[in-house]
Amino acid sequence: MSCVEIREQLPEFAVGVLPEPERVVVERHLQWCAGCRKEATELGSAVVTFAYALEPAPVPRGLGDRIVARIRQAAGAPGTSRRTRASAALAIAAMITVAALGWGSAMAGRADRFADQAAAAEARRERALATFGRVVRQLVPISQLPVNETHMGQLVPTAGRLGGGAVLQLVSPRTLDFTIVMVNGLERDPAQMPYRVTLQNAAGETLPVGRITELDSTGGADVVRQFENQDLTGYTAVLVTNASGDVVLSGTVDQSAGA
Amino acid sequence: MSSRHNGPLVAREEQKLVEGLLAGNEDAVRALYARFARPIFTLGFRLLGSPEAAEELTQDVFLTAWRKAARFDASRGRLSTWLMTIAHNLAVDRLRRETGVTRPRFVLVDELPETPSADEEEPLMERDAAIRALESLSDAERRLLARAYFGGLTAREIAEADGVPLGTVKTRLRTALIKVRRANQDKERP
Chain W
1 MSCVEIREQL PEFAVGVLPE PERVVVERHL QWCAGCRKEA TELGSAVVTF AYALEPAPVP
61 RGLGDRIVAR IRQAAGAPGT SRRTRASAAL AIAAMITVAA LGWGSAMAGR ADRFADQAAA
121 AEARRERALA TFGRVVRQLV PISQLPVNET HMGQLVPTAG RLGGGAVLQL VSPRTLDFTI
181 VMVNGLERDP AQMPYRVTLQ NAAGETLPVG RITELDSTGG ADVVRQFENQ DLTGYTAVLV
241 TNASGDVVLS GTVDQSAGA
Chain L
260 MSSRHNGPLV AREEQKLVEG LLAGNEDAVR ALYARFARPI FTLGFRLLGS PEAAEELTQD
320 VFLTAWRKAA RFDASRGRLS TWLMTIAHNL AVDRLRRETG VTRPRFVLVD ELPETPSADE
380 EEPLMERDAA IRALESLSDA ERRLLARAYF GGLTAREIAE ADGVPLGTVK TRLRTALIKV
440 RRANQDKERP
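Same order as they appear, the protein sequences are chains W and L. Each residue of the first sequence is one higher than the last, beginning at 1 in the working numbering. Each residue of the second sequence is one higher than the last, beginning at 260 in the working numbering.
The hints are simulated quantities; they were obtained by calculation from the structure and are not laboratory data. Fair warning: this is a prediction, and the values are worked out from it, not measured in the lab. C-beta atoms are modelled at their ideal positions from N, C-alpha and C, and glycine is treated no differently. Hints may be right or wrong, so weigh each one.
What the hints assert, rightly or not - Negatives, chain L to chain W, calculated, CB over 10 Å:
| no. | residue |
| --- | --- |
| 1 | L268 |
| 2 | V269 |
| 3 | A270 |
| 4 | A296 |
| 5 | H347 |
| 6 | D398 |
| 7 | E419 |
| 8 | V423 |
Stated by the list, open to error - No more than 20 Å apart at the CA atoms, straight line, and that leaves these computed lysine to any residue pairs for SDA-like:
| no. | chain 1 | residue 1 | chain 2 | residue 2 |
| --- | --- | --- | --- | --- |
| 9 | L | K429 | L | E419 |
| 10 | L | K275 | W | R72 |
| 11 | L | K438 | W | R37 |
| 12 | W | K38 | L | R433 |
| 13 | W | K38 | L | R335 |
As the list claims (entries may be wrong) - Here are the in silico distance ranges between beta carbons for each label pair:
| no. | chain 1 | residue 1 | chain 2 | residue 2 | range |
| --- | --- | --- | --- | --- | --- |
| 14 | W | Q226 | L | R441 | 49 to 59 Å |
| 15 | L | R335 | W | T158 | 28 to 38 Å |
| 16 | L | D421 | W | P19 | 12 to 22 Å |
| 17 | W | V4 | L | R441 | 50 to 60 Å |
| 18 | L | P310 | W | A159 | 44 to 54 Å |
| 19 | W | P19 | L | E394 | 23 to 33 Å |
Start from the sequences and build out the full structure, keeping to the hints where you can.
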């Protein structure tokens, strides 16, 4: 769909009533088209004005405390028992930024005449790495998690497929290894799901990372797995397959260098 | 972490607040709550029809914002737009999931913005500004936006109901939104 056709849809998109098929197309377009994204942002801002003008309803007493408690619990703030899980959640959140670069790079690669997109993708990559570095430092003392034990890779679509993504691995002799995979732009066709994410080593041995049974409106999902008794060294190939077993995304984690 | 309670946040402050949210920082969550809980709750109440549903929605909005915090980029748009879009999407999704209908039950064309009440405890600067911006619209344009945003009607449904071409409705929607946007920009200029 061209920018002109996309922009025709943006008013309905902004007010949240664009029907599903068109909405997904618009969201995918906005992932890489800065011009349309700017217009969508401006229209969205105008819509919010409408919500702000409503006669305010009285907010229940104590709601703020309940929200703080839920987020602190989910984020694994000190004093809660979910620190480990939250650590993974924080890493996932950081990976979302990282994955945005994967998606941007994939799109830039498919439309290589747009050199500025490639440059923008590179800039996002640098920001993503910086974000990830900050999050890693929040998770554990840097002395326990040397940067050279975290590795990244990008996922790109196979022929005729859509989407992209990014992979983060922690391969460490001191802590449990884990892999985080974030995908974006996958087809939301129910016949394609569930998607499966696997790791593969040079010998062709595979390890499951997880299944994707639900995608968000942009065809995105996050998968994380912590491996308790498995060294991920050498498991550098990452495959995302659909329900038929066809590979839709693939990539390689560079374990030779840290993130 | 601290942030001014009054006046619009600049992009850097918004980004910092969202980073604090991502880390589960209580001060950041409370600062966001102080600024955005009321409009989010109000929107939920208008769309879902009960304070219980609105509270649940408000909690879900903040939790969703925490989950998506790393996606937020203040250079691409305002925090208020991001949060209210999450709120609207969650509310509409909930209505569709629970009732099977494709639009909110409450078509609030009669609940268009009014003058703020004099006894409001905390006059909301944002609300005053929003009302002023909407004054740039004709009654027909306000009704059109309300039917779409609060009533969940698509451009095609509005076109069929009114017996006008689809393209006309889309153009009117765009024109109305651009008018509001321009009014907001005029307001932001010194």
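Now the hints, each set against the structure:
Against chain W, the non-interface label of L268/L holds: every CB pair exceeds 10 Å, the least being about 14 Å. Distance check on V269/L: its Cβ is at least 15 Å (rounded) from any Cβ of chain W, clearing the 10 Å threshold; non-interface status holds. The Cβ of A270/L sits about 12 Å from the closest Cβ of chain W, beyond the 10 Å cut-off, so the non-interface label holds. Here A296/L does not stay apart from chain W, with its beta-carbon only about 6 Å from theirs, under the 10 Å limit.
Residue placement check: H347/L does not keep its beta carbon more than 10 Å from all beta carbons of chain W (closest about 5 Å). In this structure D398/L is separated from chain W by more than 10 Å, as the shortest Cβ-Cβ distance comes to about 14 Å. With a least beta-carbon separation of about 14 Å from chain W, E419/L lies farther than 10 Å from that chain, consistent with its non-interface assignment. Every C-beta of chain W lies more than 10 Å from that of V423/L, the closest at about 15 Å, which supports listing it as non-interface.
At roughly 13 Å between alpha-carbon atoms, K429/L and E419/L fall within 20 Å of each other, so this suggested pair holds. Distance restraint check for K275/L and R72/W: the Cα-Cα separation of roughly 17 Å lies within the 20 Å cut-off, and the hinted pair is therefore satisfied. At roughly 19 Å between alpha-carbon atoms, K438/L and R37/W fall within 20 Å of each other, so this suggested pair holds. With a C-alpha separation of about 14 Å, the suggested pair K38/W and R433/L falls inside the 20 Å cut-off, and the hint holds.
The straight-line distance between the Cα atoms of K38/W and R335/L is roughly 8 Å, inside the 20 Å bound, and the hint therefore holds. Taken as a hint, the range 49 to 59 Å holds for the pair Q226/W and R441/L, whose Cβ atoms sit roughly 51 Å apart. The beta-carbon spacing between R335/L and T158/W, approximately 30 Å, falls within the hinted interval of 28 to 38 Å. Our hint of 12 to 22 Å for D421/L and P19/W holds, since their Cβ atoms are close to 19 Å apart.
The hinted range of 50 to 60 Å is not satisfied by V4/W and R441/L, whose Cβ atoms lie roughly 22 Å apart. With their beta carbons about 53 Å apart, P310/L and A159/W fall inside the hinted range of 44 to 54 Å. At about 31 Å, the CB distance of P19/W to E394/L agrees with the hint of 23 to 33 Å.
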